[in-house]
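First to last, the protein sequences are chains A and B.
Heads up: the first sequence runs through residues 1 to 317, numbered per this note's numbering.
Heads up: the second sequence runs through residues 1 to 249, numbered per this note's numbering.
Derived from the structure by calculation, the hints contain no laboratory data.
One thing to keep in mind: the hints can contain errors.
[Said to hold, decoys possible] Subject to a maximum C-alpha distance of 30 Å in a straight line, what follows is the list of computed DSS-like cross-link-like pairs (lysine-lysine): (1) A:185 to B:154; (2) B:241 to A:273; (3) B:145 to A:185; (4) B:103 to B:87; (5) B:216 to B:32; (6) B:196 to B:103; (7) A:273 to B:247; (8) B:167 to B:20; (9) A:157 to B:247; (10) B:134 to A:75; (11) B:247 to B:103; (12) A:280 to B:247; (13) A:75 to B:196; (14) A:2 to B:134; (15) A:116 to B:228; (16) B:167 to B:109.
[What the hints assert, rightly or not] Residues from chain B shown here face chain A by an in silico Cβ test under 10 Å; the list is partial: (17) 14; (18) 99; (19) 103; (20) 117; (21) 121; (22) 123; (23) 136; (24) 185; (25) 188; (26) 190; (27) 207; (28) 221; (29) 222.
We treat Cβ as the ideally placed atom computed from N, Cα and C, and that holds for glycine.
The lines below spell out each chain.
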Amino acid sequence: MKILVIAEHNNENVKASTFSTINAASQIDQNIDVLVVGSDCNNVTSELSNTQYIKKILLIDDTKFQNPIAENISKIITSCAEEYTHILAPASTFGKNIMPRVAAILDVAQISDIIKIEGKDTFVRPIYAGNALATVQSQDSKKVITVRPTSFDAVSKEGGNGEIQKLDLDIDISNVEFMGREETKSDRPELGSARVVISGGRGLGSAENFSLLNKIADKLNAAIGASRAAVDAGYISNDSQVGQTGKVVVPDLYIAVGISGAIQHLAGMKESKIIVAINKDEEAPIFNVADYGLCADLFEAIPQLSSELDKLNTIQK
Amino acid sequence: MKILVTVKRVIDYNVQIRVKSDQSGVETDNVKMSMNPPDENAVEEALRIKEAGKADEIIILSIGEEKSQETIRTALAMGADRGIYVKASNDTEPLGVAKIIEKIVDKEKPQLILMGKQAIDDDSNQTGQMVSAKLNWTQATFASKIEIDGDNIKVTREIDEGLETIKMPLPIVATCDLRLNEPRYASLPNIMKAKKKPIESLSAEELGIDITPRLKQLKVIEPPKRSKGIMVADVAELVQKLKNEAKVI
Ligand SMILES: Cc1cc2nc3c(=O)[nH]c(=O)nc-3n(C[C@H](O)[C@H](O)[C@H](O)COP(=O)(O)OP(=O)(O)OC[C@H]3O[C@@H](n4cnc5c(N)ncnc54)[C@H](O)[C@@H]3O)c2cc1C
Ligand SMILES: Nc1ncnc2c1ncn2[C@@H]1O[C@H](COP(=O)(O)O)[C@@H](O)[C@H]1O
């Protein structure tokens, strides 16, 4: 068995999701290579060569591949797929965009968003917004898989000794023209891996009110999340959405403010260690999954929370 | 230009699903079924493109058991022109569905294929990308904005980092996010009109495609339940519990 992990990175750093995917791979077999496709990504390869379990780093470094265009990357992957039994990528928008193409080209199924590995061909994945868990066994000779990063710890970024191997491939470049990317820049921790997340919903009422959460987030060193309703209403950008069609988060502490708790929202946060819900409707379904529920008007509770937190001086960063 | 829109019949998003006690799957008998939500956005977008004079015909395709035709009918009532129904097991995997769609595309030659980004039953998020790979067309996944300008199309995509915009020549496969538009309701006269619109019936065998599943579903179970916690009286108690009991702050 031999596994290929597709690295997700931004040409400077390896994303946390990649280290979780390498951990998932290591539970299948520890004979792991990583593929890096990018431009000017020396730092990415050096981070990976120090990473636990990695044997080889296959590298394609060319300005043509500065942006991760699915057509190009899937061709690169399939042209080096031969010797691998498993090909894994994170179930991020990066991996979801590429891996089904890889599977279709190889004429195998793709197994989406696995949360557990039961054997070299058997995996557990959530279906119906996480309201059921399916155990599936692949009958294909090659397994093409996306991994839910929050279900696997990151591997150690030290102690590895991966060898870098440059690939020379002749790939027909896609006719997609990359026009640009609007990234939401923030000094806060990344939503997908933050220790604390505070999320707001429609109850916040406006973009201006939504920023009430910033103060709490600063004090708790938290990432900010949102319900789909809050994003749709324009209170905050789409990359903050938590849920079935947004991001999955598993923080130590998740604080839901003015969120009713629809199943599609719960799909993205109900594995959190501790859940707090602040809602003025005592019947709100979010209270059914909350460890601590506070039935209150958020416009009173949030300022109070801010001053109570000021009284503490032991907040873990 | 022709637009092909795929629609899947799924358990309605408001239904609290039940896992069967023999662990063979999810209960679907007597459960409300609807069009997969982002597929409604795909239908709506096709209608808007046609209304803007940029398309001539909208074809709706659904693959599944007999009742999938009702879902096609819903899209026809929204305003689409005609339907194609391909009979297959409801459990047909994305790879099999993609192969069927490929065959229909060979026959119908659309310039644009609009699909949902994800089916809310299997949560696979694969089929559009597979169709695109099979046809060797470009793809634009997770679309929240689509602009057609002559033979080119510009798509804004929702990605984990924010938004990304790409531009490419047609033909393409686009998969739609719920934020793409607000789907319309079918009016009564349109529901009546839709009854007369044609739906062609085919089957996977007739199309000569092997859709044998590649994954064996060993079991389907309920996830571990979270036990309900406590209600606190005020913010001070909340903070004290988080610090001393849960020890998370
Ligand atoms: C296919 C599909 C996919 C979806 N994917 C997602 C997803 O990924 N993520 C997601 O979040 N949703 C998703 N949704 C939408 C989901 O079904 C809900 O509509 C959405 O989560 C509701 O958001 P909300 O809780 O903010 O709003 P609402 O349901 O409107 O709830 C607002 C809450 O705020 C409370 N409130 C109002 N004012 C105050 C106040 N002053 N103080 C305290 N509380 C107050 C109210 O009591 C209420 O409970 C999806 C839906 C579909 C159909
Ligand atoms: N059986 C089907 N019939 C019609 N369209 C389908 C079917 N299965 C998947 N699709 C389309 O593919 C999209 C993505 O589905 P999935 O890859 O299963 O998450 C859906 O939103 C539909 O538009």
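Hint-by-hint comparison with the structure:
{"no.": "1", "hint": "A:185 to B:154", "result": "holds (24 Å)"}
{"no.": "2", "hint": "B:241 to A:273", "result": "holds (14 Å)"}
{"no.": "3", "hint": "B:145 to A:185", "result": "holds (22 Å)"}
{"no.": "4", "hint": "B:103 to B:87", "result": "holds (14 Å)"}
{"no.": "5", "hint": "B:216 to B:32", "result": "holds (26 Å)"}
{"no.": "6", "hint": "B:196 to B:103", "result": "holds (26 Å)"}
{"no.": "7", "hint": "A:273 to B:247", "result": "holds (11 Å)"}
{"no.": "8", "hint": "B:167 to B:20", "result": "violated (46 Å)"}
{"no.": "9", "hint": "A:157 to B:247", "result": "holds (28 Å)"}
{"no.": "10", "hint": "B:134 to A:75", "result": "holds (12 Å)"}
{"no.": "11", "hint": "B:247 to B:103", "result": "violated (58 Å)"}
{"no.": "12", "hint": "A:280 to B:247", "result": "holds (25 Å)"}
{"no.": "13", "hint": "A:75 to B:196", "result": "violated (45 Å)"}
{"no.": "14", "hint": "A:2 to B:134", "result": "holds (26 Å)"}
{"no.": "15", "hint": "A:116 to B:228", "result": "holds (25 Å)"}
{"no.": "16", "hint": "B:167 to B:109", "result": "holds (21 Å)"}
{"no.": "17", "hint": "14", "result": "holds (9 Å)"}
{"no.": "18", "hint": "99", "result": "holds (9 Å)"}
{"no.": "19", "hint": "103", "result": "violated (14 Å)"}
{"no.": "20", "hint": "117", "result": "holds (7 Å)"}
{"no.": "21", "hint": "121", "result": "holds (6 Å)"}
{"no.": "22", "hint": "123", "result": "holds (6 Å)"}
{"no.": "23", "hint": "136", "result": "holds (9 Å)"}
{"no.": "24", "hint": "185", "result": "violated (18 Å)"}
{"no.": "25", "hint": "188", "result": "violated (28 Å)"}
{"no.": "26", "hint": "190", "result": "violated (26 Å)"}
{"no.": "27", "hint": "207", "result": "violated (17 Å)"}
{"no.": "28", "hint": "221", "result": "holds (5 Å)"}
{"no.": "29", "hint": "222", "result": "holds (6 Å)"}
Comparing the model with each numbered hint stated earlier shows that hints 8, 11, 13, 19, 24, 25, 26 and 27 do not hold.
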